[in-house]
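Student: In order, the protein sequence lines correspond to chains Y and A. The first sequence begins at 259 in this note's numbering and counts up by one. The second sequence begins at 259 in this note's numbering and counts up by one.
Among the hints, a few may not be true.
Covered stretches of chain A (in silico footprint by chain Y; criterion: 3 or more residues with CB under 8 Å from a CB of chain Y, positions within the stretch not fixed) [claimed, not checked]:
#1 280 to 288
#2 426 to 433
Over 10 Å on every C-beta distance to chain A, these chain Y residues come out as not near it, computed from the model [as the list claims (entries may be wrong)]:
#3 284
#4 297
#5 324
#6 335
#7 361
#8 407
#9 427
#10 439
#11 446
#12 449
#13 460
#14 465
#15 466
#16 479
If you are wondering where the hints come from, they were derived from the structure by calculation, not from laboratory data. Idealized CB from N, CA, C, for every residue including glycine.
Here is what each chain is made of, one letter per residue.
Protein chains: 2
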Amino acid sequence: MRKIEVVQNILGANESIAVQNKQILDESGVFALNIMSSPGAGKTSLILQTIAGLKDRLRIGVIEGDVASTLDAEKVKNEAVAVVLITTRNMPESCSLTASMIATALKKLPLADMDLLLIENVGNLICPSEFVLGEHRRVVISSLPEGDDKPIKYPMIFADADAVVINKIDFLPYVEFDIAAFQEHVEGLNPRVKFFEVSCKTGAGMENWCAWVQKEVEASAYKSASLNISLGGRGIR
Amino acid sequence: MRKIEVVQNILGANESIAVQNKQILDESGVFALNIMSSPGAGKTSLILQTIAGLKDRLRIGVIEGDVASTLDAEKVKNEAVAVVLITTRNMPESCSLTASMIATALKKLPLADMDLLLIENVGNLICPSEFVLGEHRRVVISSLPEGDDKPIKYPMIFADADAVVINKIDFLPYVEFDIAAFQEHVEGLNPRVKFFEVSCKTGAGMENWCAWVQKEVEASAYKSASLNISLGGRGIR
Chain Y
259 MRKIEVVQNI
269 LGANESIAVQ
279 NKQILDESGV
289 FALNIMSSPG
299 AGKTSLILQT
309 IAGLKDRLRI
319 GVIEGDVAST
329 LDAEKVKNEA
339 VAVVLITTRN
349 MPESCSLTAS
359 MIATALKKLP
369 LADMDLLLIE
379 NVGNLICPSE
389 FVLGEHRRVV
399 ISSLPEGDDK
409 PIKYPMIFAD
419 ADAVVINKID
429 FLPYVEFDIA
439 AFQEHVEGLN
449 PRVKFFEVSC
459 KTGAGMENWC
469 AWVQKEVEAS
479 AYKSASLNIS
489 LGGRGIR
Chain A
259 MRKIEVVQNI
269 LGANESIAVQ
279 NKQILDESGV
289 FALNIMSSPG
299 AGKTSLILQT
309 IAGLKDRLRI
319 GVIEGDVAST
329 LDAEKVKNEA
339 VAVVLITTRN
349 MPESCSLTAS
359 MIATALKKLP
369 LADMDLLLIE
379 NVGNLICPSE
389 FVLGEHRRVV
399 ISSLPEGDDK
409 PIKYPMIFAD
419 ADAVVINKID
429 FLPYVEFDIA
439 AFQEHVEGLN
449 PRVKFFEVSC
459 KTGAGMENWC
469 AWVQKEVEAS
479 AYKSASLNIS
489 LGGRGIR
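Using the sequences and the accompanying hints, generate a full structural model.
Tutor: So, in C-alpha cells, the structure goes:
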C-alpha cells in the first residue's frame, strides 16, 4: 500500500501545480494543447503542420518534451515564436511531462506574445494519461501502422482526450486498419471526442484540424475576454 | 530529493526480486526473453512467429503484459504451452512489467514442461528499460513506420538490449527509414547488440531470428547442464 500512497501523493501534487499553470495561461490569454502519442506516431509533424497552417493568424509557442536529444526542438525552433525543450531522462518521472516541468518552462516562454501553446509530450500512451499539465485540450495521435486496437489496449489516454488525430492515412492501402471500428472503440470510452483523419506527410486533412484548433483558441479568448470585462477589464489583451 | 529516493528504493527492490526470478528460471532450465517495443511495433506478432518457427523444437510459454484487455493473450493462448496474462492498469507501475509481477506469473506457469519463456512487456520505450525482470536476454523491436530516430530519442532501452529486431521491413518502399543509420546509432550506445531485419507479416527474416533464439536457448541449457554436473547432477533435465 505504501507505494500506492506515494503514487497518489505525486499525482495530487501534480494536479495542484497544473491548476496554477492553467491560471497563468488564462491570465496571459494563451490556449494550450497537450499532444500525446506513441513514439513515432507524428507529434512533431503535427506541430510543424499546425504552425504552417496557423502562423499567419496565431502566435504559436512550443514546449518539446523528450526523454533525450534535441532533435524535435531543432526541427521546430525556426517555425515557432519560441520553443522550450524539456529533457526528462534524469527526472524522477522520465516517462511523461509533469505539471512542474511545465511550470518551469512557462517562465521561459514569452506568454504575452503568444496565443497558442503546443506541448509535445513524451512518446508514450500510458504515463501521460496520469499527469495533467494545465492544458486546455488533450489531443491523442494514433497512426495507422500502430493498428486499430490501441483504444482497447491503452484505454485511459483515449478516455480523457478531447481530440483524436488519426495520422498516416496515406498508409491505408498497406495496413489493415478499420477506421470505423477504431472510432467506435474510442467513442465507447469517450462519446464527446472529435476525430480528425490526417496525413502530416501529404498535408491531407490539415485544413479541418487547423480550423478546429483556431475555433477553440478563439472561443477561449472570447470567454476569457467576457470574464475579464465582468471583472473590470483586468488582463484584456 | 524525496521522490528520487522513493524511485531508487522501488528499483532496488525490483532488482532483488529479478535475481530470484532468474534463479527460479535457471533451476527449471527455462530461458527467458523480455520483449519490449512501442505500442503496435509487433511484439505479439513476433511471439506468434517465434512459436510457429520453434514449437517443434522447444516448449514455449508466454507471459503477456498489457495495460488493459485480453486481446494479445487470446491470440497466443492456443499456440503456446501456457500463457499467463498480467494486466497492469491498476498497479502502481502501470507502464511496465516489474519483477514482482513476473514472480507471481512464474508460479502459474508449468516451468518443468518449458524450455523458453517469451515475456511480452507493456508497449512503451521508456519504463521497461528501468525494470529488469530476471530475463536472460532483452529484445527491443523497432518498426519502420516509427522512424529511424528512436535510438536517439529513447537511448536507454537500446543501450541495454541484447537484440534489436527491425520489424515491418515490408514498409521500406513507403517510409523514409535509413537502416544503416539506425544500426549505427544503436551500436553507438551498445556495440555488442545483434540486429534482425524481419517482417512478422510476410515472415521475412524469421529463420535468422528463430535460429538465434534456438542457439541462445541451447547455449544456456548446455551451460546450466555443465554447471549442474559440476554440482553433482542436481537439476539436470
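Student: Please check whether the beta-carbon of residue 407 (chain Y) is more than 10 Å away from every beta-carbon in chain A.
Tutor: The claim breaks: residue 407 (chain Y) does not keep its Cβ more than 10 Å from every Cβ of chain A (closest is about 6 Å).
Student: At least three residues with a C-beta closer than 8 Å to a C-beta of chain Y: is that true for the region 280 to 288 of chain A?
Tutor: violated (count 0)
Student: Does residue 427 (chain Y) clear chain A by more than 10 Å, comparing its Cβ with all Cβ atoms of that chain?
Tutor: holds (13 Å)
Student: Any Cβ of chain A at or closer than 10 Å to residue 361 (chain Y), or is the non-interface label fine?
Tutor: holds (16 Å)
Student: Counting residues of the region 426 to 433 of chain A with a beta carbon closer than 8 Å to any beta carbon of chain Y, are there 3 or more?
Tutor: holds (count 3)
Student: Since residue 466 (chain Y) was said not to touch the interface, does its Cβ keep a gap of more than 10 Å from each Cβ of chain A?
Tutor: holds (23 Å)
Student: Verify this label for me: residue 446 (chain Y) is non-interface relative to chain A, using a Cβ-Cβ cutoff of 10 Å.
Tutor: Consistent with the label, residue 446 (chain Y) stays out of reach of chain A, its closest Cβ about 13 Å off (over 10 Å).
Student: Hey, does residue 479 (chain Y) actually stay past 10 Å from chain A on C-beta?
Tutor: holds (34 Å)
Student: Confirm or reject: residue 465 (chain Y) is not an interface residue toward chain A, with every Cβ-Cβ distance exceeding 10 Å.
Tutor: With a cut-off of 10 Å, residue 465 (chain Y) remains clear of chain A, as the shortest Cβ separation is near 24 Å.
Student: Beyond 10 Å from every chain A Cβ: check whether that's true for residue 284 (chain Y).
Tutor: holds (28 Å)
Student: Beyond 10 Å from chain A, beta-carbon-wise, is residue 324 (chain Y)?
Tutor: violated (6 Å)
Student: Determine whether the non-interface label on residue 460 (chain Y) survives the test: each CB of chain A must be over 10 Å from its CB.
Tutor: holds (12 Å)
The earlier numbered hints that this structure contradicts are 1, 4, 5 and 8.
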